[in-house]
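Full structure from sequences and hints, please.
Numbered according to the working numbering, the sequence shown spans residues 1 to 182.
Honestly, I wouldn't trust all of these hints.
Said to hold, decoys possible - Below 25 Å or equal to it, Euclidean Cα-Cα: the simulated SDA-like pairs (lysine to any residue) are: (1) 7 to 160; (2) 103 to 154; (3) 142 to 22; (4) 142 to 77; (5) 142 to 127; (6) 7 to 65; (7) 102 to 115; (8) 7 to 168; (9) 2 to 14.
Because the hints were derived from the structure by calculation, they are not lab data.
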Amino acid sequence: MKRIPFKHYLHGAFFLALAVLFPQLFHLTGIGGTVLLPMHIPVLLAGLLVCPAIGLYVGVIAPIVSHLLTGMPPITPPILPLMVIELGAYGLTAGLMHRIFKKNAYLSLVTAMVAGRVAMGGAAYVMMSFFGFNINPLVYVKGAVVTGLPGIALQLVLVPVLVYMIERGTVYERPGDSNGEA
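As structure tokens, then:
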């Protein structure tokens with residue numbers, strides 16, 4: 001397994017901080033996190049811009065840190081565990097697909113969004129089957145998608161634009177650009 005450069009961890013910490021901060025900023029406006037999905041954006045960016053492993057780390061750690069600092073997302077109903085699975089899948093898949101699709105951010109993003117929802121549905125099924133939670137996985141995923149439509153639209157517009165700007169070096173130096181690593 002290839003070693004992850006320390007610089008990638010620093011960039012991951014930046015995206016982790018954004019993933020914890022953004023929901024708080026959105027809550028100040030009175031718009032709930034389930035509508036605009038503010039934690040998702042930094043997780044997707046971490047996967048797309050840094051590497052799949054850092055996307056996974058940010059996706060798994062962000063909801064846990066946010067819960068420890070703010071109590072959100074709540075553990076029960078089982079939102080926190082489902083978000084850990086969903087966002088971890090987002091970050092990992094976004095990074096992997098960005099390499100497979102030759103840096104096509106939009107296609108990578110859409111694939112990651114589908115993979116995250118499938119992972120969340122699978123986790124909901126496991127919780128229903130093995131832990132006795134009263135969750136219908138299909139209803140849960142459908143509800144998350146319908147409620148989060150404004151956030152999904154925001155991600156589809158904002159994330160590819162940010163990735164394009166960052167990869168072109170107009171906003172931020174991508175990890176590894178200075179020495180040829182990606």
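Quick rundown of the hints versus the structure:
| no. | hint | in the structure |
| --- | --- | --- |
| 1 | 7 to 160 | holds, 23 Å |
| 2 | 103 to 154 | holds, 20 Å |
| 3 | 142 to 22 | holds, 24 Å |
| 4 | 142 to 77 | holds, 16 Å |
| 5 | 142 to 127 | holds, 17 Å |
| 6 | 7 to 65 | holds, 21 Å |
| 7 | 102 to 115 | holds, 18 Å |
| 8 | 7 to 168 | holds, 19 Å |
| 9 | 2 to 14 | holds, 22 Å |
Every hint from the earlier list agrees with this structure, and none is contradicted.
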